[in-house]
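Now that you have both chains on their own, put them together as the hints suggest.
If you read the sequences in order, they're chains B and E.
The first sequence lines up with residues 1 to 561 when you count with the numbering used here.
The second sequence lines up with residues 1 to 283 when you count with the numbering used here.
By construction, these hints were calculated from the structure, which means they are not laboratory data.
We put the CB at the ideal spot given by N, CA and C, even for glycine.
Check each hint, because a few of them may be wrong.
To be verified - Derived list of chain B stretches under chain E, where covered just means 3 residues or more per stretch with a C-beta under 8 Å from a C-beta of chain E:
1) 361 to 372
2) 434 to 440
3) 448 to 456
4) 510 to 523
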Amino acid sequence: MTSRAAPGRTGQPPRPPQDHPLTGADLLRAFAGASVWLQRNAPAIDAINVYPVPDGDTGANMAGTLGAALASVLDGAVSAGEVAGAVARAALLSARGNSGVILSQWLGGFADAVGSASRLDGRTAAAALTRASERAYAALREPAEGTILTVAREAAVAGQKSPARGPLAVFAAALAGAREALERTPQMLSVLREAGVVDAGGFGLVVLLEGLLAGLRGEDVPAQPHAAGAPDAAWLDAARSDAGGGHSGFGYCTQFVLHPAPEALETLRAALERLGDSVIVAPAADRVRVHVHARDPGGVLSLGAGMGALTQIAVENMQAQFERFAAPPAPPAPDADGAALPSQQTAVVAVLGGDGLANVARSLGASIIVAGGATANPTVDEILAAIRAAPSDNVIVLPNHKNVVLAAEQAAALSGKQVVVLPTRSAAQGLAVLAAFQAERPLAVNVEAMQTAQQAVRSIEVTRAARTTKLHGVEVPRGQPIALIDGRLAVAAATPGGALLAAIEQIAPPADAALTLYYGVGVSGRQRTAAARQIGARWPELDVQTIAGGQVHYDYVAALE
Amino acid sequence: MLRIVTDSTADLDTEEADALGVTVVPLTVYFGDEALLDRVDIQPDEFYARLKHGKLVPRTSQPSAGRFQDVYGDLAAAGATEILSIHISAKLSGTLNAARLGAAAPPHGCQIEMLDSGTVCGGLQALVRRAAEIADSGGNLNQALNAAQALIPRHRISIMLDTLEYLQKGGRIGRARAWLGSLLNLKPIVHVEDGEVAPGHRVRSRARGIERVFDLTNEVPGAERIYVQHTGAANDAEALARRFRAAQPGVPVDVRWIGPVVGTYVGPNAVGAVVAQRATGGS
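Chain E with its partners taken away, still in its complex shape (with noise of 0.2 Å):
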């Protein structure tokens, strides 16, 4: 039997992912000693309000490589002989090495795999439903592997972002390092390319700055489901979906938080889209 292992960053809801049949391992935040568990402890709208308005900056950590040792074991145990465990790009988190540590001595007679996704979010979302469906139709390890690799290159997300200023503190900031330092007052719209962070239009207004992600979003074809996401403006996420619902009708369109995590980076008030490609061939 094969099982798929996600981390919080993915954006899963609870349900979503007992419906799916996916495992979820949180990663960390940390508002000075208070440790909370992503997505268990300290929920979006809380966290939110707390990076507003509290004086603390957040930091946050990967799990533990015993935390994914336990889980891989308890998994095994309830009769999983294949694992997939997909997780955040590598250039982003530690995640994936905690992963990897973790599944060093695997269960007797449970073969693990890891896909380093090179993204995050609803793209890694993305992977993990793809490999979810699999896994669901009885598919095997190789399968999922290659069908979750293949949508990879298969996806884009634009996060229009309220500042820069929380990527630069949290040093993942990447090649929008280049955008440092200007005056004007610019609404940057970035990417994850090549696993990091990459700068894509900035804009003076707001209003642009959704126009562009809805362009930048739109003009994908094929799409099997976009993720619109937001740190708190769920005016402007709700505004934007219905435009995606209206100029794609039957593609489904969800609107989701950006979790804490992730969020730790993105700063607050920040929308975007996460479009996934169907995919090619027969399948």
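Bound conformation, chain B alone (with noise of 0.2 Å):
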């Protein structure tokens, strides 16, 4: 066999990736590349989490946490400093359980010491490692040792000590620190030593500097997760008889974000140890996070009334929880009987704005839409719950936006079920490829059929420039009539119906395509009337088919095929 070097290249592998500073894109590649490696290990952090509470949720919460922030920053963020920050702000407010908190604590901290450069150098990354953990204990009032303070701590401690200048190392010495911290949790703390197992917020930390490191390095995590451990059976036993008293057992984790933010928080810290344990009092700008697990939720609800407005509240019934965690696999259900809908081979889950968009997309056979749209991405969460909620464990997910796309991806790794996310980019396409999906075909033969759709059909949205900017040279105002072709801006014009003809004229369809239109509340009667007498001078062969969208920020939505 003989090899040949491509020209102009020689038959060297690949050189490793130079430790520069990181700019706004590394460090969002690189949180990426964390939350896409932590959802993937959730089950498998879920599955040894005993302390404080044994109920089973570092892994979904840490991961729910990172993946909900990310998937409302991911756009728009140049510089380091502003990708740190906005990850950190997002963090908080979409932080869930004890071990979310703190994480977000530890962004907070993070973003904090990045502060507003453009670009991570290795000493930058080093102190924001070291701030990330301060803030992190500061978030508690009796930090224990053995947790994910520990790994935070050594793994700072490590980065600091790196030789080298650059952030990469210092990122991997930060995380050779945090794999032995890990291993040393059961001799710091008790409760892991007794159930076998190792801490899991302190397992999920290494999982996230991992997946950072991958990210950075322009590599995929891999597609295997970690091996799941699980604590010891006579210890869940004993676990299970102590918990076993009162009605709320466990009690409740009670968790919200307070605006404004008291002044005296540790007024508010001594108020919620009153009413239970696990408090953190977590601050940032002008609002507070606090978590307490609590026998009486309505209690802390109500101190937390008194003192401002709440928002994100979380109650989750940690006793329920516990028994989840604990009970033996169960054997699936006989006959799931109250199923809402006929369970299906396949099923659709489609982020779209607007009524008749909606509409469309049911007729053509989505059973779930959540609500989207330009300005109003979905959660992690949210689509995590129409993927639950979808009528088969086969799960096809349009996103209908590229920004969507992260936060489908992570919701498919968290949901358990098969899943498929279609990077759809638009709801024009999205629609247009849902047409070929048939809910009594195998996900596979769906997934075919629709990925064949989705290269034949080429989509305009037509909108307003959301800020100045320049196409061919040409400045375009904030405001401006525009056409994106495929996602892409392709035009700017006078009008929206100009745009829009435009955006055809420059696809040049040929003669027997068809153009389905989709226009939105903003477009009047008459408007929409003249677009169409225009469309059908110029190509007179095209089958159009007009549609109110119903949809937002769109005036037109369309796909030609």
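Encoded structure:
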């Protein structure tokens, strides 16, 4: 066998990435890697969650927190400081559970240290890991060792000691330190030792750093997650009988965001400690996230409501969570009664903004519509809930916007179902693809048919420029009608109708093509009649169907096939 | 002597049937009280003109058992000792049932076998042609039955409809029911699977639909014959046939109408193709 080098290249393996300061895009890629790897390992992390409450949700909480945070900052941030800051702010709002809140504080400290730096160098990376660890400790009045805190601190210490200067080397050293600390957690915390596991939150942080590094190196995270451990069976039995006493057992994990943040945080913390334990009071800017394990969640909420406005309220019954966690794996239900929707081979979840668009999707067989749209991207949780509610174990998700794809993938990884995310870029494309869907065919057959359909459709979106931008060197002022073809800015025009026509012209459809035109709530009857008449005059052979889409931000959304 | 009987949904012309030595029993189309024998009293071009422009929605009915009894009796009288009667899918029409009743008391000295083709149009015709070849070359009833049966899983029908309306009205929609209610004006491509109408793909434009029909037909290996069929879309059908001739030189490709009875359910302006594969093994 002979091998031949491609012109201009040698046969050497690709060089390792250079360890240069990280741009915002680098950092975003790193967080994305961390998020995907956390999602993938969430079940393995959940499986060893015994402290402070054995409720088996640490992995899901950490993955959900970072995932939701990332989904809301995907676009627009340019500098490293902006990315870190946006992730931290969003994480505070999306934080779930004890470990999620601690992670949000860790991210907050990280962002503090990055500040407004446009790039993240090795020195700043080490400082960020240190500040992150400090903030995580500060969130708890009595920080316990042998937990995620220990792992965070040891990661920071190792990062500081890194002899090399680049951020990649710092994160790699931090990961090594984190792994060592994780192995020692059972020596520091007796409950871990008794249950025969390492700390779940610490494991989560190790996973996060692993994913971060993979993202920085431009590698895909492994397809297979870490092997899942499990607490000792005898320990679980003992825990079960310990917790069996009161009717509420472990009580309720109660969380909310309080706005504005009260002046005296210590007073708030002290009041909460009288109501429960595992108290976290985590301030950020003008608000504060509160987490407490309480017997009476009502008392906690009343206390908060007396001090300001509450948002992001979440109350979970930890006894029920524990019972689920500690229960032997249940046999599959013989015949799920009370299922809302009849089960089908494959189901579709579609993200769409606009009643008309949603109606078309339902008429084509979509089971669940998640509300979305230009400025209202759904969270990972919302997509996850839709996937879980879909009447099949095989689900296809149509995100219909590039900023929703990652959230959809994260929800897919968390769902425990067979899920394929088809990266549709617009509502028009998503609906065209949906036409190829058949509920009674297997997942793979549908995916293939829908991918084929995706290749045959071009989509047009007519909207207004959100900011002043440039097209072919010409300035497009904010507010001017523009058309995007397949998600890319292609045309600017004086009117929305003009933009639509120019976009069709640019695609140059063959005579026998079909155009499906969804007009938005802002388009008057006169305007759309005029647009339809002009299209008919210019392309007499084109098969045009006009539908009220009900979308808000796009004057027209169109599919050309 | 072995003789082959089929029905008018095989879309054979009178001359073709004569040349093959096949007896065709017509179904009936009704416009109101007016009863017309399929492809005898009414030809496809006239039928689709009436379907498009007329106000009456046609109905169809199977031949009577008595009609089959007469046909079998006549063939026996002319010397047939064996008869193979191959018909439209029993899930689509009661024709096979009528034939079975007509054969309940077979003429003396004549053995009659029924075959549910599980298909229609070019698919049914392919089975009939195979059986007729075997009869012509002196084969017996069992050989013809086996050969025709072997073709049932070895053909594919793909028809692009202009609308699902006629399938629905006629109660023949089968599993394509899931497609009703679409707010988009889509062109469905249907197949006949397990004897009934099965949904395949649906696309927004006619051009892409025809493209899909071409691909779905062209990808079937070992084509023996391709039937391009239509219900009044002659230009599309001719263009499609030219593509098959270019893609598979040497394979006979003919363009023919879908007859009035099946057309009642397919509706006007449909175009599709049926590909029949060569027999397997050394035959």
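Do the hints match the structure? See the list:
no., hint, verdict
1, 361 to 372, "holds (count 3)"
2, 434 to 440, "holds (count 5)"
3, 448 to 456, "holds (count 3)"
4, 510 to 523, "holds (count 5)"
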